[in-house]
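Chain by chain, the residues run as shown.
Protein chains: 2
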Amino acid sequence: MSDTTQIQAGRDVATLINVFTVAPERQAQLVALLTRATEETMRHRPGFISANIHASADGERVVNYAQWESEEHFRAMLADPGAREHMTEAAALAESFDPRMFSVESVHHV
Amino acid sequence: MSDTTQIQAGRDVATLINVFTVAPERQAQLVALLTRATEETMRHRPGFISANIHASADGERVVNYAQWESEEHFRAMLADPGAREHMTEAAALAESFDPRMFSVESVHHV
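Going down the list, the sequences are from chains A and B. Going by my numbering, the first residue of the first sequence is number 51, and it counts up by one from there. Going by my numbering, the first residue of the second sequence is number 51, and it counts up by one from there.
Among the hints, erroneous ones may be present.
[Stated by the list, open to error] Just some of the chain A residues that point at chain B, by a computed CB distance under 7 Å: (1) Val81; (2) Thr85; (3) Ser100; (4) Ser106; (5) Arg111; (6) Phe152; (7) His158; (8) His159.
[Unchecked claim] Simulated DEER-style distance windows between Cβ atoms: (9) Glu145/B with Ser153/A: 17 to 23 Å; (10) Glu145/B with Ala126/A: 40 to 46 Å; (11) Glu145/A with Ala142/B: 26 to 32 Å; (12) His94/B with His123/A: 35 to 41 Å.
No lab work stands behind these hints, which were simulated from the structure alone. Computed from a predicted model, the values in this text were never measured in an experiment. From the three backbone atoms N, C-alpha and C, an ideal C-beta is built for every residue, glycine too.
So that you can see chain A by itself, here it is in the shape it has in the complex (with noise of 0.2 Å):
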């Protein structure tokens, strides 16, 4: 289930919610570009586990809802160069964007 992500309570997993705000007419360009760097660069480094690009129905958001084993992971790949080079790409696109790091309080299900 390569292509499915998982999201459970009490799981020893680092979220990262990162909001994008954009404007609608550059939202697909900023999905794109997030899709592009996270195969290229972003999943290629140490306790990366998934990454998941969501757009917003009205154009006005991106956000990726990603999870890395630990947050020192999540750091160290900020440090990359390449990965840098990839969010300076992201933030010029957007008007803002807003990550943090996140645990999974509870889950539900029918």
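Fit chain B to the given chain A structure using the hints.
For chain B alone, kept in the frame of chain A given last:
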């Protein structure tokens, strides 16, 4: 795997990501409220697939990553009096909230 949420690209699911901005001293209370509201009300509504409540490490955000069979199911739930009561309570605890519908554009793994 009823305690595991799955994210897949191309799956016919409506994703709601609701980002709550909250004072850190009220974050735990908001998480508890959303957890209770989901168990008591939302998960019994038609079309509910999952809700996943996240707390940011800095205390300033709560994110509900929820999946519904369609946007119409989600909108029908919003009209439910029990759901509205819970959401009024959540709105009173949060400084702001920003619910939007998303599609999963891409999923990446190692």
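Hints versus structure:
| no. | hint | result |
| --- | --- | --- |
| 1 | Val81 | holds, 5 Å |
| 2 | Thr85 | holds, 5 Å |
| 3 | Ser100 | holds, 5 Å |
| 4 | Ser106 | holds, 5 Å |
| 5 | Arg111 | holds, 6 Å |
| 6 | Phe152 | holds, 4 Å |
| 7 | His158 | holds, 4 Å |
| 8 | His159 | holds, 5 Å |
| 9 | Glu145/B with Ser153/A: 17 to 23 Å | holds, 20 Å |
| 10 | Glu145/B with Ala126/A: 40 to 46 Å | violated, 33 Å |
| 11 | Glu145/A with Ala142/B: 26 to 32 Å | holds, 29 Å |
| 12 | His94/B with His123/A: 35 to 41 Å | holds, 38 Å |
Of the hints listed earlier, the one the structure fails to meet is number 10.
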